Structure formats: structure tokens, C-alpha cells
Amino acid sequence: TARHTFNLESKEVHLTVSVGVSTFPDDAMDREGLIKAADDALYMAKKMGRNRVVTFQQYQATRSH
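My numbering puts the first residue of the sequence shown at 296, with every later residue one more than the last.
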């Protein structure tokens, strides 16, 4: 996404994407838990800067230090 130029109202726009990833059943056993785990990872990705993917396992590893 970051490499692509989007044209929006006659302006060139560059976008980045941050993503939080969680997996079933390793990170949660139900839908709500899985969404919460992905959301926690997403907020960590946003704190680390633009254009990142963070897994829930990475999130947990940083919280245990």
C-alpha cells in the first residue's frame, strides 16, 4: 500500500497500513477474545510507527519484559 500512489480529488496521496493479527485457537478461544487480541496487537503496531504488522504473540512478548 505504501508504494502505491492514490489519486484523490486531484491530489496524490500515499497510504500506510498498520495491522494487528491474532490466531485461533492460540490467542483466544472465542470471537470476542480473538478480536481483543488483534486489537491489542494493532495498538502496539500503531505505537511503533506506520506501516507495521504485529502479532498478538509479539504483543505478549513485549508485555512480559
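Derived from the structure by calculation, the hints contain no laboratory data.
Since the structure is predicted, the reported quantities are computational estimates derived from the model, not experimental observations.
The C-beta atom is built at its ideal place from N, Cα and C for all residues, glycine as well.
Do not rely on the hints blindly, as some may be mistaken.
[Unchecked claim] Derived CB-CB ranges, DEER-like:
hint, residue 1, residue 2, range
1, F301, S359, 23 to 33 angstroms
2, F319, R298, 25 to 35 angstroms
3, R326, E304, 33 to 43 angstroms
4, D321, M343, 36 to 46 angstroms
5, H360, F319, 38 to 48 angstroms
[To be verified] Listed below are the simulated SDA-like cross-link pairs for lysine to any residue, each with C-alpha atoms no more than 20 angstroms apart in a straight line:
hint, residue 1, residue 2
6, K342, S359
7, K341, E307
8, K341, E304
9, K342, V314
10, K341, T311
11, K341, Q355
12, K341, M324
13, K331, R347
14, K342, R326
15, K341, D325
16, K341, V312
17, K342, T357
18, K331, S313
Status of the hints after comparison with the structure:
no.	hint	verdict
1	F301 x S359: 23 to 33 angstroms	violated (39 angstroms)
2	F319 x R298: 25 to 35 angstroms	holds (31 angstroms)
3	R326 x E304: 33 to 43 angstroms	holds (38 angstroms)
4	D321 x M343: 36 to 46 angstroms	violated (22 angstroms)
5	H360 x F319: 38 to 48 angstroms	violated (26 angstroms)
6	K342 x S359	holds (17 angstroms)
7	K341 x E307	violated (23 angstroms)
8	K341 x E304	violated (27 angstroms)
9	K342 x V314	holds (12 angstroms)
10	K341 x T311	holds (11 angstroms)
11	K341 x Q355	holds (16 angstroms)
12	K341 x M324	violated (25 angstroms)
13	K331 x R347	holds (18 angstroms)
14	K342 x R326	violated (25 angstroms)
15	K341 x D325	violated (24 angstroms)
16	K341 x V312	holds (9 angstroms)
17	K342 x T357	holds (13 angstroms)
18	K331 x S313	holds (16 angstroms)
In this structure, the earlier hints numbered 1, 4, 5, 7, 8, 12, 14 and 15 are contradicted, and the remaining ones agree with it.
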